[in-house]
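Residue numbers (my numbering), protein chains in the order written: chain W, 1 to 364; chain L, 365 to 500.
Wrong hints could be hidden among the right ones.
[To be verified] Examples of chain W residues lying across from chain L (beta carbon under 8 Å, computed):
id	residue
1	T76
2	L126
3	P219
Derived from the structure by calculation, the hints contain no laboratory data. Computed from a predicted structure; not experimentally measured. Quick reminder that beta carbons are idealized off the backbone N, C-alpha and C, glycines included.
Single-letter residue listing:
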Amino acid sequence: MDLVIISMILLPVYVSVIFIPYWTRKTESFGVSIPERVYMDDRLKRMRKVYAFWMTMVSVVHIAVSYLLLSMVEVTEEAWGILFSVLLVLFIGISFVLYYLIHRRMKMLKEKEGWMKEPQRLATDLSFRNRKLTYSSWWFSIPFLISLGTILFTIRMYPEMPEELPMQYGLNQEVTDVAEKSYRSALMLPMVQLYLTGVFLFVNKVIGRAKQQTSAGDPEKSVQQQVIFRRRWSMFTILSSILLTLVFIMPPVSFVYELPPLLLMILPMGAAVAIVIGAIVLSATTGQGGSRVSTVAGKDAAVVDRDDDRYWKLGQIYFNPDDPSIFLEKRFGVGWTVNFARPLAWGFLLGIIAIAVLLPLVFR
Amino acid sequence: MIVHIDLESKNPIYTQVRNQIIEGIAVGKLRAGERLPSVRAMASDLGINLHTVNKAYKQLEKEGFLNIHRQRGVVIAPEGIAKADEAYREALWHETRPIIAEAVCRGVSEAEFIEIIRTTYRSFKKGGETNGFGDH
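Isolated chain W (complex conformation) (with noise of 0.2 Å):
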């Protein structure tokens, strides 16, 4: 397993870690509601640094125990993505203990401050949804077009596919997984590539109907931030459609020509680096909500938004029956997330996921 790979997959797991502090709204500290005008305070200013900074070393702990470990070891390809996912989780699980230590001692900051006593309001745009939010469903239709395509050429083609089909390709370009022919064999990647067509357009209509989170300080610059950032990320959406299903032509093809390993290997990690890079600059530009890009100078604000905090469990997890929401933006992080206390949030998260799961099963 080559450093390079693990760095490739790894890097940008870090950077979306490190610097999250400094991508979410100006309105909230490490999941606690708070002044924009506190934002800057040495204190909180500290707070990103650290976490930050210990998320750096426990970034090159963890790529170097991964490395040594994938390294050292003979495992088989199978093994070594158990062992992969394990030190992913436990990453994760590291850098959300850090954050809750420092979530804590915010929350601990803000109460001795007297923080978030000033008027309370909420503002919002009656014309908001009137605005273009998001760019049209109908450009899903070019990777809806080109995984039908795909389904086409897989049938046409069907007699000229080998007995035996390859289902997925360890890092070294070698087969580790075979299926014997079908219909249903041979289906599985272009049912791949619609499934993630409806994903795409699902997570644009998101993006379009999601809880508009006007900021009652400056309402008119909260605004604009938002159209912007909306949109940035359907445009993303969008093209992220459009690579991922062109990648996806590839194998059905490869069933019946020829085609160079490399390229093969090449490509999908290529699409891959690309969206995830782009996923990060968006974030890095933008920020969330649209926090960083920079409009018109902000009036300095008499009044604040509404302290949500108790509807946050734990800084992240939103709970709030008395919101018809269900879309609405992270709190620490950059996109959205839904309001638990909606069981139609549940349906959608538990839809997607079976989804995703039935699909090998019933394709196979």
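Could you slot chain L onto chain W? The hints should help.
Then chain L, alone, in the frame of chain W:
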């Protein structure tokens, strides 16, 4: 148009929503036929109960400021707001009475009171600030 809700106000939230929508129409920020968010969207955006928004919308519909269509959603009355009739004029006399009475008790002069009304009327004509808290 931005609607502000003061969570510590003595006015209930649905009244604050209703008043600001009417003010939005008065200053011309909300135009005839303009779409408003659905009950669900507005409740979600504010993080409040559906009934609260529904109550505000229902009242505005009854007063002729909005139309609520099953398909077209919520729109500002497209054919404009009905002109004041006898009943409205009577209600106006009736409803300003306690406000004037309180002002009299507190020693606000007639001239000052009329000045307040004149200033507010003019600010509406100019499309002035509508933050709904009277601090303009």
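Among the hints numbered above, which are violated by the structure, and what are their numbers in rising order? When the structure is compared with the hints, only number 1 turns out to be violated.
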